[in-house]
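Visitor: Listed here are the chains, written in short residue letters.
There are 2 protein chains.
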Amino acid sequence: MNEKIWTAALLIIGDEILSGRTQDKNVAQIATWLNEQGIRLAEVRVVPDEMEAIGRAVNALRAENDYLFTTGGIGPTHDDITVDAIAAALGVDVIVHPEARRTLETYYAARGQEVTDARLRMARTPAGADLIPNPTSGAPGIRVGNIFIMAGVPHITASMIQGLSGTLEGGRPVVSVTVGARAAESEVADLLRETEASAEGVSIGSYPFQDDAGYGANFVVRSRDGAQARACADRLAAGLSALGYQPVDGGIRTASMH
Amino acid sequence: MNEKIWTAALLIIGDEILSGRTQDKNVAQIATWLNEQGIRLAEVRVVPDEMEAIGRAVNALRAENDYLFTTGGIGPTHDDITVDAIAAALGVDVIVHPEARRTLETYYAARGQEVTDARLRMARTPAGADLIPNPTSGAPGIRVGNIFIMAGVPHITASMIQGLSGTLEGGRPVVSVTVGARAAESEVADLLRETEASAEGVSIGSYPFQDDAGYGANFVVRSRDGAQARACADRLAAGLSALGYQPVDGGIRTASMH
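Top to bottom, those sequences are chains U and B.
For the first sequence, the UniProt record's numbering begins at 1 and goes up steadily by one.
For the second sequence, the UniProt record's numbering begins at 1 and goes up steadily by one.
Pulled out of the complex, with its shape left as it was, chain U reads as follows (with noise of 0.2 angstroms):
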């Protein structure tokens, strides 16, 4: 079976990240966001917001993927310069898009406001673009070859993505069946291993964790392939029963796994 996997590259812009200023928000939202478009989320890199570090990570993704999504400096601000960045790294100029222009016009006309030179900032974008709407504010998100340039704030990022739900190629998504036992994960390393290796297309993962009930860990069966994740989860299960655990399915919810 040689189906195609389609993978996708998250590149967060943001010198407020790297400082440990703001816990990012966004991972977690495009990773599950992208596998319900049966996309794999297969690299995430945060950057500063320097010109050089933006367009080397971009070339470099967006040729290693099927899509490369990026958040961040898009405002209309002097710290925003994705729009220039990401221009220059595909050797591209920057326009002020006439949809944008117009969007941002209409957007600010309703609140008795002018477009502003900060504002129109917020209509640039590389030649040859598409426009990704936004719901939330005036500013749109930019599509440029495989390439979507969307808000780093994780509400409009939301708004933007679901915008998107449906429109982008995909394969199948990964379905992922958690089984959960207050078991060292050293003691059931031979048993993980080989109800891994006994089925083709599933992966397992091993998290453990520790909470005032004791210690423990969830076991995440991931395939392609619902049926095959459930039938390996089960025999997973079962496997924790003949070695005295009990197994949850489901796994075990606990304050110290996020």
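Hints were generated in silico from the structure; no laboratory data involved.
Heads up, some of the hints might be wrong.
Since copy identity is lost for identical chains, a pair holds within one copy or between any two.
Straight-line Cα separation of at most 20 angstroms, DMTMM-like style, residue types lysine to aspartate or glutamate; simulated pairs [what the hints assert, rightly or not]:
id : residue 1 : residue 2
1  : 4         : 130
2  : 4         : 169
3  : 25        : 105
4  : 4         : 50
5  : 4         : 66
6  : 25        : 36
7  : 4         : 225
8  : 25        : 211
9  : 4         : 200
10 : 4         : 36
11 : 25        : 169
12 : 4         : 190
13 : 4         : 64
As the structure is a computational prediction, the values presented were derived from the model and not from experiment.
Assemble chain B onto chain U, guided by the hints.
Guide: Same frame as chain U, now just chain B:
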């Protein structure tokens, strides 16, 4: 002033982050800790639990930075392949580190348990490595060259980096001063640009938010020179006042910031 800027990269090895299952917590805590050591976090990458992806990222990031930290994939199960991947990337053998073996033997003996083959996996290191103490659980972290191989479970990561505090060469930490205002970014964009341009070695980041009280933005003034950052933030606050806004020193706290 030709002050050396020490940089680090962070490589997160984790299918669970890329699948959206787990919300990362290591970037923010490692970024904050690195800055206290006078080291700038210059890049973060998240890659899957795959030998080749790990190896390529390790070789790129260790060459470009003074330090490389990795998190994840050093437990006892089949999906813990970080040590093998890094040894392969460095072109060295994997050995059972005698001191790590003794640490594990002591740890499990105190609990009346044996060091099984699975547990012994946690004593494996690239040849030529030193250990990073792990006060939280038995399995140590590993230092090899400029690479620091750490656990992925956030509270264990935290105890490993705390143990490294003060041991790494670095420069001056970046000091940041935040000024908040209930202003639209686009209305203060010129002020921000001019204020940043007027102060050497100072950067200003602009982070918009929206909450129940309306919209606003926090402006983060950063510099290695604390007096410069303070003076620049004061000029920015004066400029905001002159435009009719009420600047808030320390920034505006809002639920949507994080």
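Visitor: Decide, hint by hint, whether the structure agrees.
Guide: Hints and how they fare:
For the homomeric pair residue 4 and residue 130, neither the shortest alpha-carbon distance inside one copy (26 angstroms) nor that between copies (42 angstroms) is at most 20 angstroms. For the homomeric pair residue 4 and residue 169, the shortest alpha-carbon distance inside one copy (11 angstroms) is at most 20 angstroms, but the shortest distance between copies (46 angstroms) is not. Taking identical chains as interchangeable, the C-alpha atoms of residue 25 and residue 105 are never at most 20 angstroms apart, the minima being 30 angstroms within one chain and 40 angstroms between chains. Only between protomers do residue 4 and residue 50 lie at most 20 angstroms apart by alpha-carbon distance; the minimum there is 18 angstroms, versus 34 angstroms within a single protomer.
Only within a single protomer do residue 4 and residue 66 lie at most 20 angstroms apart by alpha-carbon distance; the minimum there is 11 angstroms, versus 38 angstroms between protomers. With identical chains, the CA atoms of residue 25 and residue 36 are at most 20 angstroms apart within one copy only, with a shortest distance of 18 angstroms there and 24 angstroms across copies. In this homomeric assembly, residue 4 and residue 225 come within 20 angstroms of each other (Cα to Cα) only inside a single copy, at 14 angstroms, whereas the closest approach across copies is 52 angstroms. When the C-alpha separation of residue 25 and residue 211 is checked against a cutoff of 20 angstroms, the pair qualifies only between copies, where the shortest distance is 17 angstroms, while the shortest distance within a copy is 24 angstroms.
Taking identical chains as interchangeable, the C-alpha atoms of residue 4 and residue 200 lie at most 20 angstroms apart only when both belong to the same chain, with a minimum of 16 angstroms there against 51 angstroms between chains. Within a single copy, residue 4 and residue 36 get their C-alpha atoms as close as 16 angstroms, which meets the 20 angstroms cut-off; across copies the closest is 45 angstroms, which misses it. For the identical chains of this complex, residue 25 and residue 169 are neighbours neither inside a copy (25 angstroms) nor across copies (31 angstroms), given an alpha-carbon limit of 20 angstroms. Neither within a single protomer nor between protomers do residue 4 and residue 190 lie at most 20 angstroms apart by alpha-carbon distance, with minima of 31 angstroms and 48 angstroms respectively.
Only within a single protomer do residue 4 and residue 64 lie at most 20 angstroms apart by alpha-carbon distance; the minimum there is 14 angstroms, versus 33 angstroms between protomers.
Going through the hint list in order, the structure does not satisfy hints 1, 3, 11 and 12.
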